[in-house]
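These protein sequences, in sequence, are chains A, B and C. Using the numbering used here, the first residue of the first sequence is number 1, and each one after it goes up by one. Using the numbering used here, the first residue of the second sequence is number 1, and each one after it goes up by one. Using the numbering used here, the first residue of the third sequence is number 1, and each one after it goes up by one.
FYI, nobody ran anything at the bench for these hints, they're computed from the structure. Treat the hints with care, since some could be wrong.
Unchecked claim - Example chain A residues on the side facing chain C (calculated, C-beta under 7 Å, incomplete): (1) Glu85; (2) Arg94; (3) Ser133; (4) Val162; (5) Gly168; (6) Arg186; (7) Arg190; (8) Pro193; (9) Gly252; (10) Arg333; (11) Val380.
Claimed, not checked - Restraint-style ranges between C-beta atoms, simulated for each label pair: (12) B:Gly125 <-> A:Gln71: 42 to 48 Å; (13) A:Phe195 <-> B:Arg87: 44 to 50 Å; (14) A:Arg151 <-> B:Glu453: 48 to 54 Å; (15) C:Ala17 <-> A:Glu371: 47 to 53 Å; (16) B:Gly125 <-> A:Pro70: 52 to 58 Å.
To be verified - If you want the footprint, here are the derived chain B segments under chain A, 3+ residues with CB under 8 Å: (17) 95-101; (18) 124-132; (19) 175-185; (20) 524-538; (21) 567-581.
Using N, Cα and C, we set each Cβ at its ideal position, and we do this for glycine too.
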Amino acid sequence: MSDGPRIITAHWGDERVIPYEGYVRVGGYEGLRRALAMSPEEVIAEVKASGLRGRGGAGFPTGVKWSFVPQDTGKPTYVVCNFDESEPGTFNNRELVEREPHQVLEGIAIAAYAIRSNLAFIYCRGEFLWPGSVLRRALEEAYEHGVLGERVLGTDHRLDVVLHRGAGAYICGEETALLSSLEGYRGQPRQRPPFPAIEGLYASPTVINNVETLCFVPHILRNGASWFTSIGTERSPGTKVFSISGKVERPGNYELPMGTPFRVLLEEHAGGVLGGRALKAWTPGGSSTPMLTAEHLDVALDFESVQQAGSMLGTGAVMVMDETDCMVEAVRRMVRFYAHESCGKCTPCREGTWWVSRVLDRIEAGYGRPEDLPLLEDLVPNLLFRGFCPLLDGAVSPVASGLRHFREEFERHIEERRCPFTGRGSATGVAEPPAPPAPQEPAPGPVPLSEVLG
Amino acid sequence: MSREPVTLTIDGREITVPAGTLVIRAAERLGIEIPRFCDHPFLAPAGACRQCYVEIEGQAKLVTSCTTRVAPDMAVRTQVTSELVRRAQAANLEFLLLNHPLDCPVCDRGGECPLQDQALAFGPGESRYIEPKRTYRKPIPLSPLVNLDRERCVLCARCTRFCDEISGDRFIELYDRGAGERVSIAAGEDFRSPFSGNTIQICPVGALTATPYRFVARPFDLSSTDSTCAHCAAGCAIRVDVRRGKVVRVLARDDVEVNDAWICDKGRFAFAAPDRPERVTTPLVRARGLEPASFQEVLGEIAARCRGGRVGILVGGRLADEDAYALSKLARTVLGTNDLDHRRAFHGGRAELLAAARPMSVTYRDVEEAAAILVVGLDAEQELPILHLRIRKAARRGARVFVLHARRTRLHDLGEHLLVRPGHEAFALERIREALAAGGDGPEARIAAALAEAGERAVVLAGPRLAEHPLAADVALGLAERVGARFALCARRAGDRGALRAGVHPTLLPGGRRVTDDVERGQVEAVWGPIPAEPGRDAMGILRAAAGRELDVLYLVGVDPLRDLPDPALARRALANAGYTVIQGLELGELEPYADAFLPAAAAAERDGRVTTWEGRPRPLRAARAPLGLSRPDWEIFVGLAEALGADLGLGSLEAIRAEAEPLLAPREVPVRSSAWGAAGPPQWIEERVLFTYPLLVDEGRLLEGATELKAALEEEPFAEIHREDAEALGVADGGWVRVRTSAGDAVVRARVGETVAPGAVFVPFNQPGLPVAELLAGRFTVGVHLEPAAEPAAEEVA
Amino acid sequence: MAVLTPELRAQAEAIVARYPRPRSAILPLLYLVQSVEGWVSPEGLREVAELLGLRTAEVEAVATFYTMIRPRPTGRHVVNVCTNLSCALRGGRDVYAAAREAAGLRPGEESSADGLFTVREEECLGACDGAPVMQVDFANHERVTPERARELLDALRRGEVPAPSRGAAPRDFRHACRILAGVEDLA
Ligand SMILES: Cc1cc2nc3c(=O)[nH]c(=O)nc-3n(C[C@H](O)[C@H](O)[C@H](O)COP(=O)(O)O)c2cc1C
Ligand code: SF4
Ligand code: FES
């Protein structure tokens with residue numbers, strides 16, 4: 001196993017770093033101390049120089065984002081830590097919080113100082129009951145030890161951090177939907193521009209960063225920007241915590257330098273494909289990134305290389321499928337997720353994900369028609385980049401990449417009128433085509449979503 | 001937002017528009033119609049329906065033109081020149097139609113539906129969607145007026161955005177998400193907003209329909225006329241749709257200077273009154289009973305009674321401007337009297353004089369662009385609903401709004417209220433004026449500071465509640481002048497401002513010229529000939545004179561003194577003792593026993609003319625159909641009466657009236673008078689509890705007759721609104737019964753207890769079903785009152 | 001009958017005070033109501049609306065957007081089984097079927113007649129390293145087999161609180177909602 005530098009997972013497994021004292025013992029809050037000794041502008045410059053790019057999916061340079069925050073609006077500024085982690089296959093934020101909660105608090109505190117913010121929020125995914133409680137305890141400790149509150153580490157800087165729990169909506173990870181949700185509205189995305197850095201929470205300048213991104217910040221301040229740029233690739237510096245799951249021997253989070261080949265992650269760290277079977281497909285960054293195949297074993301895992309290979313690094317969440325897995329079922333399951341999570345605001349997303357889901361349901365159940373594949377292929381460009389927000393693009397990814405790499409599996413489902421992997425289908429005894437779930441609402445009043453979408 | 005011009009090209013054509021303009025609007029200016037569903041020019045951009053895609057050179061993805069603002073040298077291609085855009089729009093249309101039912105033949109929107117039009121123009125012949133469509137129960141009544149058919153809904157959110165952004169009445173919302181998203185209302189609630197009908201009009205499909213119009217007509221059956229709503233002095237632009245001689249629908253027309261794109265539900269749904277069987281459309285004279293006769297005959301008889309006699313004229317608030325002018329001239333030059341009045345209250349003052357002499361001191365646009373607005377004695381939502389929407393718009397744009405009123409209004413979510421007892425407004429205004437210099441930190445000081453800071457961008461809107469204490473209006477005016485604010489005395493009824501301007505007033509002639517001022521009267525006499533020089537009696541004075549047998553003829557034009565004025569007992573005596581009573585209007589109602597002659601007038605929808613908004617802006621009335629029966633416009637009747645008296649008013653046409661009136665009504669300066677308390681002394685400080693009343697938007701008014709669904713949706717049961725402190729002192733419970741006693745009478749009604757009225761004040765709405773509150777009034781709209789808890793009244797006693 | 005007692009109202013006010021603007025408290029307040037009722041009833045919606053000065057529809061619009069706010073009566077324990085891709089690849093669908101069966105649910109039913117269980121198919125729970133994942137009242141149980149699912153439900157039926165794979169578990173769904181509202185914490 002090649003052991004690269006571990007930065008933000010270095011103390012994983014050591015439970016002593018969970019409480020405040022243990023965290024401080026391993027150098028915790030040193031980065032914040034350094035930051036407080038600098039001017040906010042210098043802090044931003046340092047993070048900018050490190051080339052740190054957001055780990056939440058889009059890879060936007062963090063220091064640049066911070067530098068957009070205007071200081072002359074007369075409004076307060078806010079920091080929001082995005083801990084909504086809901087992209088299928090992604091689970092590094094959760095473990096970062098569970099194993100070293102103060103690391104992310106330190107990152108938040110540095111970000112708040114850098115943009116002169118006195119109030120930060122952590123938007124914690126609702127289903128993360130325990131991780132949220134870990135954070136809550138860490139927050140209490142931070143207040144007790146003067147890391148948060150009126151005088152941050154004895155300085156004139158004031159900072160409060162509010163833990164806010166979501167309630168089950170993937171779209172609330174999208175930054176503008178997150179803001180709607182945090183303001184108490186339905187979590188629907190908002191028009192950009194204005195970008196949150198200019199008009200975010202309560203129409204005030206706001207920086208939103210992913211948990212993983214913020215975890216790097218203390219280390220950059222402690223060790224300097226040039227240390228960080230010496231790791232990873234030129235345009236994707238540093239390390240990344242890759243989440244790997246599905247058909248592998250050792251699913252888990254592995255922190256590796258950016259640019260590490262996928263083969264190294266799969267074979268050396270995750271122990272290879274489960275049961276020694278052959279690799280069929282993998283997502284490089286969650287289910288919203290186009291699937292790659294065994295041909296792409298040597299793709300380097302950094303923003304640029306994965307893009308060159310025809311996909312996206314996204315959240316660095318790898319889901320592995322082997323030769324025994326049905327790709328129609330995999331695509332169907334992935335699209336169903338997006339149909340379930342579509343916020344409903346825009347037509348192509350609301351109707352398109354519903355439609356594609358229905359067609360895939362039929363094909364998997366052995367009721368596909370030859371014209372369904374041209375139909376799906378025609379829908380792909382009609383949906384891609386046509387939504388209000390990128391959620392819809394994520395829904396298109398599995399369809400487009402599934403058809404691109406595994407069209408013959410779709411054809412076989414249609415020809416044989418059954419799933420070649422499970423044997424189930426209209427040809428083998430399913431009597432009815434799958435009925436779309438009918439909304440039967442006691443109107444007026446709410447219809448449970450499950451009744452609409454099944 | 002900077003407004004420098006930006007030049008760009010759309011489909012190769014160059015256009016220059018202000019910076020910040022949306023691409024979809026810029027395209028409209030070139031006559032390029034980009035298809036859209038969620039976009040609405042008066043709502044914030046949503047970008048939800050995704051129909052309005054365009055291509056912008058240099059941008060990889062298509063963008064929605066309803067959310068994209070122009071930039072210098074931008075090159076835009078719409079569906080006109082871009083195949084990619086055409087394909088994207090066709091694809092999106094397919095998505096919209098997936099779950100849309102094919103019930104166009106029975107849909108109210110059929111024939112005027114953008115979705116239908118676009119499906120016809122661009123849609124594929126056949127759907128590629130073979131799965132069953134989503135189904136919902138339908139239609140769901142959201143209120144007695146509005147129905148929702150969710151299957152047709154395209155989830156553009158126009159309706160919910162209207163309720164959020166424009167009216168603030170957030171009764172309906174989008175529920176759930178994804179394919180389950182739908183418009184809904186809370187269980188057990190009604191869409192009880194006086195602006196609900198706008199959501200129907202802006203729904204781009206037939207998802208929202210109006211109960212009074214459901215299945216009534218098809219667009220091609222209708223003949224449409226552009227006109228102005230005559231229900232209040234807001235002056236909204238409307239379109240009146242007539243089917244086989246009957247008005248079946250009223251729609252708002254866009255007018256950025258007045259009503260943007262909105263009207264209230266009264267304007268939209270109260271159109272049935274002129275078609276009721278109670279309408280009288282032939283002249284009547286009293287012989288054995290009231291009997292039909294020709295106009296000539298009836299006018300001849302009235303003329304005979306008037307000749308040499310003493311005539312007093314009471315006028316309602318609904319005359320068109322030309323009617324008012326003709327009547328003013330008739331009264332002065334032919335009937336020889338200044339005893340005419342259109343007002344319910346208000347007894348002189350500089351604010352009134354200014355309103356008569358100088359129109360347009362405040363416009364809707366001034367309100368919209370104001371930095372601070374002080375609303376005094378006005379419940380804008382109920383009295384001038386479209387002004388209310390403009391105030392809300394201003395507040396959303398950052399204006400600070402203050403309301404000085406005896407009762408909380410629907411501006412409470414956006415503005416600060418200062419609840420003052422009716423009659424005490426002048427004192428509160430004085431305190432504001434003092435705070436201008438003295439400062440402080442109470443609400444008066446906040447108002448003073450905001451007005452002073454806003455300066456020219458401050459607006460003071462004074463409403464009818466100041467009418468009983470004319471000095472209060474003058475104090476408000478004085479305050480406005482002190483800070484350099486714009487000031488308007490807001491008329492409520494459509495005819496009020498025009499009648500005031502024309503001199504349907506005992507002491508004012510056209511243009512606010514005073515009867516008693518020889519120079520000013522002379523200016524009118526130069527056009528009209530001699531005018532009596534002694535001031536006339538006001539409305540109550542005319543009634544008292546009639547009651548005292550001092551009038552030979554009582555001439556009632558569009559007014560019912562039993563209902564409209566605050567002393568029904570006096571009105572009854574007046575009607576009984578008047579030598580001869582002439583009624584002119586749409587119907588007789590309770591006045592029938594008193595009428596000696598009846599003159600049938602045309603309804604607003606049956607005639608041409610003008611009305612004047614509260615701002616002073618003239619607005620056109622246009623006949624949507626011919627007058628029923630023999631009825632005719634009021635001005636023609638006045639001209640006919642003059643003829644019967646052997647006089648020629650010289651006002652043979654609307655054009656002739658306007659031509660003669662124009663110079664007299666030109667804006668003129670009025671002499672500055674001291675606005676201190678003046679000779680009359682300060683208004684009386686009433687120590688006892690007072691009852692006050694004003695009409696709510698939907699009441700038992702004559703023009704609302706027949707608007708069944710509107711009344712079901714918005715009318716209130718009678719109630720008395722009491723401040724919690726008073727209720728506790730008296731032992732009255734919220735929702736319990738209370739006896740309301742004044743010197744004129746008493747009634748038992750339900751109490752509404754809260755902090756929504758000023759302590760010491762009791763609000764009872766005017767003219768609600770079951771409670772003719774006028775019977776409790778002793779000559780004023782504010783009277784001393786005694787309250788006590790009461791037992792639930794027996795059925796017949798229920799107010 | 002009011003949902004929120006005076007004591008809970010005081011807690012609600014403290015929740016509102018956490019935020020610069022009251023409306024931000026809408027989700028914690030819905031959780032608070034849900035911790036009393038086990039779901040959010042129309043009366044609960046009205047009370048939240050009144051606390052925040054909103055119309056009921058505004059609150060209901062928000063409540064129906066989120067899957068963790070329950071629109072109808074719910075079992076004492078909420079069992080969520082992830083069937084998204086990573087868990088499905090590891091047998092999540094069988095776990096879901098087993099959990100439904102163990103709860104005694106008939107097709108189309110979501111909650112058991114005895115009021116003990118609500119079983120839901122969940123989207124990715126962010127713990128794919130432990131696939132297949134099942135949550136009991138939002139406490140994670142990892143690498144769950146159909147047998148293990150049955151055992152867990154049996155334990156719940158006996159009134160036990162089975163230890164989750166990580167951290168601590170709430171007593172039941174209502175307890176979880178108090179934690180989510182931020183008025184109580186996990187042991
Ligand atoms: C549909 C959608 C879901 C997203 N979900 C998450 C999420 O769960 N967590 C996250 O950090 N970012 C998520 N993002 C990305 C955020 O919008 C945002 O870019 C990110 O939080 C910025 O942080 P970073 O710059 O540190 O990456 C999502 C984006 C989209 C379009
Ligand atoms: S009801 Fe009409 S206006 Fe409202 S969201 Fe639906 S389609 Fe749009
Ligand atoms: S998911 Fe809501 S706009 Fe795309």
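Tested hints:
Because the closest C-beta pair between Glu85 of chain A and chain C is about 5 Å apart, less than 7 Å, the hint holds. Here the hint on Arg94 of chain A is kept, as its CB sits about 5 Å from the closest CB of chain C, short of 7 Å. Here the hint on Ser133 of chain A is kept, as its CB sits about 4 Å from the closest CB of chain C, short of 7 Å. Given hint, Val162 of chain A at the interface with chain C, holds; its Cβ is 5 Å from that chain's nearest Cβ, closer than 7 Å.
Interface hint status for Gly168 of chain A: upheld, as the beta-carbon distance to the closest one in chain C is roughly 4 Å, under 7 Å. A cut of 7 Å between beta carbons decides the hint on Arg186 of chain A: the least distance to chain C is about 4 Å, and the hint holds. Contact between Arg190 of chain A and chain C, as hinted, is not supported at the beta carbon level, the nearest pair being about 15 Å apart and thus beyond 7 Å. Using the Cβ-Cβ criterion of 7 Å, the hint placing Pro193 of chain A at the interface with chain C is not satisfied: the shortest such distance is roughly 23 Å.
Restraint check, Gly252 of chain A versus chain C: the minimum CB separation of about 5 Å is within 7 Å; hint holds. This hint holds: Arg333 of chain A has a C-beta 5 Å from the nearest C-beta of chain C, less than the 7 Å allowed. Residue-level restraint check for Val380 of chain A is violated (minimum Cβ-Cβ distance to chain C is 20 Å; threshold 7 Å). One distance hint, 42 to 48 Å for the beta-carbon pair Gly125 of chain B and Gln71 of chain A, is violated here, with the actual separation near 59 Å.
For Phe195 of chain A and Arg87 of chain B, the hinted distance range of 44 to 50 Å is not satisfied, since their beta carbons lie about 30 Å from each other. Here the CB-CB span from Arg151 of chain A to Glu453 of chain B is close to 36 Å, at odds with the stated 48 to 54 Å. Hint check: Ala17 of chain C to Glu371 of chain A, Cβ distance near 59 Å, so the stated range 47 to 53 Å is violated. The supplied range of 52 to 58 Å is met by Gly125 of chain B and Pro70 of chain A, whose beta-carbon atoms lie about 53 Å from each other.
With 4 residues bearing a CB less than 8 Å from a CB of chain A, the segment 95-101 of chain B meets the requirement of three and the coverage assertion stands. Coverage of the segment 124-132 of chain B by chain A holds [criterion: at least 3 residues with CB-CB distance below 8 Å; count 4]. Residue count for the segment 175-185 of chain B with a Cβ under 8 Å from a Cβ of chain A: 10. That meets the three needed, and the coverage hint holds. Under the rule that three or more residues need a Cβ within less than 8 Å of chain A, the assignment of the segment 524-538 of chain B is violated, with 0 such residues.
Coverage of a stretch by a chain is defined here by at least three residues with a beta carbon nearer than 8 Å to that chain's beta carbons; for the segment 567-581 of chain B and chain A the count is 0, and the condition is violated.
Hint violations for this structure: numbers 7, 8, 11, 12, 13, 14, 15, 20, 21, all remaining hints satisfied.
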